[in-house]
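K.L.:
With the hints as extra help, turn the sequences into a complete structure.
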Amino acid sequence: MSLLKVDNLEVSYGLIQAIKGVSFTVEEGEIVSLIGANGAGKTTIMHSLCNIIPKKAGKVFFDGKDITSIPSHRLVPMGIAQVPEGRRIFQELTVFENLKLGAYTRHNAGEFAETLESVYERFPILKERSKQIAGTLSGGEQQMLAMSRALMSHPRMILLDEPSMGLSPLYVNTIFDMIKQINSEGTTVLLVEQNAKKALSIADRAYVLEIGRISKSGTGRELLEDDEIRRAYLGD
Amino acid sequence: MSFFSTLINGLSLGGIYALIALGYTMVYGIAKMLNFAHGDIIMVGAYAIVTTLGLGLHPLAAIVAAVIVCTLLGIATEAFAYRPLRGASPLAVLITAIGVSYLLQSIAQMIYGSQGIPVTLGAFGAVSVFGTSIQISSLITLGLCVIIMTALTLFVNNTRVGCAMLAVSEDKAAAQLMGINVNAIITLTFAIGSALAAFASTFYLMQIPSASPTLGSMPGIKAFTAAVIGGIGSIPGAMIGGILLGVIEKLALSFPALAPYTTAIEFALLIIILLVKPTGLLGKKRREKV
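If you're matching them up, the sequences are chains A and B in order.
The opening position of the first sequence corresponds to residue 221 in our numbering, with each subsequent residue numbered one higher.
The opening position of the second sequence corresponds to residue 484 in our numbering, with each subsequent residue numbered one higher.
Treat each hint with caution, since some may be false.
To be verified - Quick list of in silico lysine-lysine cross-link-like pairs, DSSO-like style, CA-CA up to 30 Å:
(1) B:K655 to A:K320
(2) B:K760 to A:K351
(3) A:K240 to A:K417
(4) B:K655 to A:K285
(5) B:K655 to A:K279
(6) A:K240 to A:K279
Said to hold, decoys possible - With the C-beta cut set under 10 Å, the calculated list includes, among others, these residues of chain B facing chain A:
(7) R643
(8) C646
(9) A647
(10) A650
(11) E653
(12) D654
(13) A658
(14) Q659
(15) L660
(16) M661
(17) G662
(18) N664
(19) A667
(20) K767
None of these hints come from the bench; they were simulated from the model.
Glycine included, C-beta positions come from ideal geometry on N, C-alpha and C.
P.N.:
Have a look at this one:
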């Protein structure tokens with residue numbers, strides 16, 4: 221049974237249908253990438269999976285349970301965390317408060333302290349700046365904070381929306397290393413990226429999204445070597 | 484009247500404005516709407532006090548009744564009038580709030596008539612401090628306002644739910660992704676704002692002991708002005724704006740030459756502050772997010 225199963229998802233903005241029947245699966249333990257050009261509908265899919273925007277049709281199953289219309293705030297305790305596009309950290313709150321909000325649905329103080337410690341171990345800079353207002357962090361640090369905040373809920377699956385957007389090449393590498401590490405520690409990853417080369421190179425499997433439809437799928441390696449993909453997304 | 488007693492009176496009036504302004508500013512910060520029916524919640528609180536006292540109960544019971552009635556009314560207006568309009572145009576929400584305001588005033592007029600009903604919450608008298616006579620009701624108001632506002636500040640800044648309120652006010656979608664139930668937070672905000680309004684109506688009746696259907700209009704508008712002066716959406720801003728407006732009002736009233744222009748002076752202050760700092764004293768520029 222797939223951990224996440226998306227079945228014929230359709231999403232509309234008014235009369236414009238942005239997602240026209242998309243189906244894909246993510247197996248437990250995988251990294252699955254969704255690549256595509258600007259406007260292909262990647263972020264729309266991410267928002268609709270968590271019911272930040274409503275679905276027009278289709279079904280979504282998580283661990284066999286129908287989560288199609290479960291409100292977003294109830295998905296977190298089920299084990300789904302999302303790092304939204306543009307990071308969306310709480311700029312006016314401190315780094316620590318952001319992390320605390322990430323663990324909003326967990327009530328065990330001991331577990332909270334343990335997860336916090338592991339986050340601080342991974343990113344000592346967040347510990348150093350724990351009392352600093354999050355809006356004063358650099359873009360790369362904010363992305364680390366956003367990902368750490370999502371990990372604070374101890375998710376089974378993490379949805380990452382454009383984590384490398386607007387970051388320097390150095391930070392892009394750090395972020396992709398972190399994704400691999402999170403995955404190796406047992407968290408399933410669904411990754412949406414414009415940086416197709418990076419996204420395909422760490423993915424077990426990937427789907428190519430073109431104006432609201434999936435046009436191709438395969439293992440990360442297959443797609444990296446696909447001539448059409450190379451021309452369209454990898455700049456070769 | 485000495486400057487000192489004017490100042491105390493101004494601070495206590497300012498405390499009342501601040502309590503009401505907090506309701507405007509918190510609802511604006513969290514639900515991004517201007518709840519123009521907020522002033523009328525004060526009026527309903529005043530009638531709750533009138534009714535409870537009419538049953539022969541103790542003034543403290545009347546205050547408790549006002550808090551309960553106002554809190555439930557705040558929750559109900561949000562659930563029935565505003566929640567169905569979530570995502571509708573801001574103008575639709577605004578006109579609905581004005582509609583709720585007139586609805587509450589009309590219901591009050593049907594039940595209690597349009598004449599003012601005298602209310603006595605107790606005889607407080609005056610004390611002599613530094614050789615000037617100070618109204619005890621002003622001191623009680625001032626003291627309780629300080630306690631209530633301190634408690635609110637501690638709640639918002641130091642509790643898990645308070646932190647969630649700040650998160651919702653900054654970014655609703657991101658807050659949902661943290662597992663925060665945004666609707667529950669909005670309900671809580673209306674409940675807190677309305678409870679504060681009930682305290683405001685108690686203190687208001689201690690100064691002007693008469694309840695009428697339009698009782699909430701002027702303090703409502705003044706407190707809204709205070710919230711905008713302080714920077715709408717900012718909790719400390721509402722406190723500062725309210726106190727500032729109360730002190731200026733009492734100071735202006737204490738000079739015979741200025742007294743007739745008191746309200747004009749207050750609104751002129753609003754215009755000047757918005758010209759110099761359009762976001763209000765403590766307001767921040769917000770980036771609009773999807």
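K.L.:
Next, verify each hint and record whether it holds.
P.N.:
Comparing the hints with the structure gives:
1. Between K655 (chain B) and K320 (chain A) the alpha-carbon distance is near 16 Å, which keeps this suggested pair within the 30 Å criterion.
2. Restraint check for K760 (chain B) and K351 (chain A): the C-alpha separation of about 29 Å stays at or below 30 Å, so the hint holds.
3. At roughly 25 Å between alpha-carbon atoms, K240 (chain A) and K417 (chain A) fall within 30 Å of each other, so this suggested pair holds.
4. A C-alpha spacing of about 26 Å is found between K655 (chain B) and K285 (chain A), which places the hinted pair at or below 30 Å, so the restraint holds.
5. Pair hint K655 (chain B) plus K279 (chain A) holds up; C-alpha atoms about 25 Å apart against a cutoff of 30 Å.
6. For the given pair, K240 (chain A) sits about 13 Å from K279 (chain A) by alpha-carbon distance, which is consistent with the 30 Å threshold.
7. Annotation: interface hint on R643 (chain B) holds; nearest CB of chain A at approximately 7 Å, less than 10 Å.
8. Annotation: interface hint on C646 (chain B) holds; nearest CB of chain A at approximately 6 Å, less than 10 Å.
9. Restraint check, A647 (chain B) versus chain A: the minimum CB separation of about 6 Å is within 10 Å; hint holds.
10. For A650 (chain B), the interface hint holds, the least distance from its beta-carbon to any beta-carbon of chain A being 5 Å, beneath 10 Å.
11. The interface hint given for E653 (chain B) holds, since its Cβ lies 5 Å from the closest Cβ of chain A, which is under the 10 Å cut-off.
12. For the restraint placing D654 (chain B) at the interface with chain A, the shortest Cβ-Cβ distance is roughly 6 Å, inside the 10 Å limit, so the hint holds.
13. A least Cβ separation of about 8 Å between A658 (chain B) and chain A falls short of the 10 Å threshold, and the interface hint therefore holds.
14. Residue-level restraint check for Q659 (chain B) holds (minimum Cβ-Cβ distance to chain A is 4 Å; threshold 10 Å).
15. Because the beta carbon of L660 (chain B) sits about 5 Å from the nearest beta carbon in chain A, less than 10 Å, this interface hint is met.
16. This hint holds: M661 (chain B) has a C-beta 5 Å from the nearest C-beta of chain A, less than the 10 Å allowed.
17. Hint on G662 (chain B) holds. Least Cβ distance to chain A is approximately 3 Å, under the 10 Å limit.
18. Taking 10 Å as the C-beta contact cut-off toward chain A, the hint placing N664 (chain B) at the interface holds, the least distance being around 5 Å.
19. Because the beta carbon of A667 (chain B) sits about 9 Å from the nearest beta carbon in chain A, less than 10 Å, this interface hint is met.
20. About 8 Å separates the beta-carbon of K767 (chain B) from the nearest beta-carbon of chain A, less than 10 Å, and the hint is met.
Checked against the numbered hints given earlier, the structure satisfies every one of them.
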